[in-house]
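Number of protein chains: 2
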Amino acid sequence: MQITSYTDYALRVLIYLAKSPNNRATIVEIADFFDISKNHLVKVAHQLGTKGFVTTVRGKGGGLSLQRPPEQIGIGEVVRSMEKHFDWVECFDEERQHCRLLPNCRLKLLFAHAGDTYLQVLDGATLSDVILEDIDHMLQNE
Amino acid sequence: MQITSYTDYALRVLIYLAKSPNNRATIVEIADFFDISKNHLVKVAHQLGTKGFVTTVRGKGGGLSLQRPPEQIGIGEVVRSMEKHFDWVECFDEERQHCRLLPNCRLKLLFAHAGDTYLQVLDGATLSDVILEDIDHMLQNE
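So the protein lines, in turn, are chains A and B.
Using our numbering, the first residue of the first sequence is number 5, and each one after it goes up by one.
Using our numbering, the first residue of the second sequence is number 5, and each one after it goes up by one.
Next comes chain A alone, as it looks inside the complex (with noise of 0.2 Å):
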């Protein structure tokens, strides 16, 4: 269980803007700092614009820029906009499963239920509490 390199990236390209000057970096930056593919990052910068998390900014100095401050942007929101499902068990996808006990069986509302939590947890947290200070000695030195 983990969560795709997709929302991975997508959570690191937010931490990096986060902690740039005016919230803004480009992705090429971006991608050599985490040593990732430009391409792969092109696509989830696209999805993060759709979602409502960061704005395009064209021209000289532009880039990608946080549409909102990092503390009013939630993990649980990040994940939950960027992981394609949320099917804790094969039985959760109507057209994969076909599972004999489906009918009677409680494990579905069990998982659901524990997953439900797991994005709780998350939702506590804003991109601002999982950035420690010193993040910003790391980005000053490249």
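Source of the hints: derived by calculation from the structure; they are not laboratory data.
Errors might be hidden in some of the hints.
Copies of the same chain look alike in the list, so a pair counts if it works inside one copy or between any two.
To be verified - No farther apart than 25 Å at their CA atoms in a straight line, the calculated lysine-lysine pairs in the PhoX-like style are these: (1) K112 to K47; (2) K112 to K42; (3) K64 to K112; (4) K64 to K47; (5) K64 to K88; (6) K55 to K42; (7) K55 to K112; (8) K88 to K112; (9) K88 to K55; (10) K42 to K64; (11) K47 to K88.
Nothing here was measured: the structure is a model prediction, and the numbers come from that model.
Assemble chain B onto chain A, guided by the hints.
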């Protein structure tokens, strides 16, 4: 984010055994009921044995048997025993992780807490809690 089919099948095997006469059934019978690979189930059953959930009964009338009553088998315990890892984010894996934020990022701590909460919910239920009585009818109609 989803439990592996390995863990999923382990739970199905245990539920099937819990509702079978003397908590006992053969792998062929269980594989047929769920229409899943017998070879896959042999591996699942082997691990269920090494983890202390089932014993193998040899000879006529043999098969798999629950080692403990269903009300003493925690769902969290099964999931913890069958899942290969609980690396909620890439950075949990010492060998794979290479995120430069790691020393200065609280995301890992947050996800660890969320993951613990998820497993604690599963710890709160036993095999007997997730089985509805109607499963009896399903099995008896086989």
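When no copy is named, should K112 and K42 be tagged within, between, both, or neither for a Cα gap of at most 25 Å? Classified as between; 24 Å across copies, 38 Å inside a copy.
Are the CA atoms of K55 and K112 at most 25 Å apart within a copy, between copies, both, or neither? between (29 Å within a copy, 23 Å between copies)
Can you give me the call for K88 and K112, within, between, both or neither, at a CA distance of at most 25 Å? both (19 Å within a copy, 21 Å between copies)
Given identical chains, is K64 near K112, meaning Cα to Cα at most 25 Å, within a copy, between copies, both, or neither? Answer is neither; intra-copy 52 Å and inter-copy 35 Å both fail.
Give the relationship of K112 and K47 under a CA distance limit of 25 Å: within one copy only, between copies only, both, or neither. This pair counts as between: shortest inter-copy Cα distance 24 Å, intra-copy 32 Å.
Measure nothing new, just compare the shortest in-copy and cross-copy C-alpha distances for K42 and K64 to 25 Å and report within, between, both or neither. So K42 and K64 pass the 25 Å test inside one copy only (19 Å; across, 62 Å).
Which holds for K47 with K88 at a C-alpha limit of 25 Å: within a copy, between copies, both or neither? within (14 Å within a copy, 30 Å between copies)
Given identical chains, is K55 near K42, meaning Cα to Cα at most 25 Å, within a copy, between copies, both, or neither? The answer is within: 20 Å in one copy meets 25 Å, while 44 Å across copies does not.
Identical-chain pair category, K64 with K88, by Cα at 25 Å: Neither. Shortest intra-copy (34 Å) and inter-copy (48 Å) distances fail the 25 Å Cα cut-off.
When Cα atoms must be at most 25 Å apart, do K88 and K55 count as within-copy, between-copy, both, or neither? within (13 Å within a copy, 33 Å between copies)
25 Å Cα cut-off: does K64 pair with K47 within a copy, between copies, both or neither? within (22 Å within a copy, 59 Å between copies)
Consistency note: the structure conflicts with the earlier hints numbered 3 and 5.
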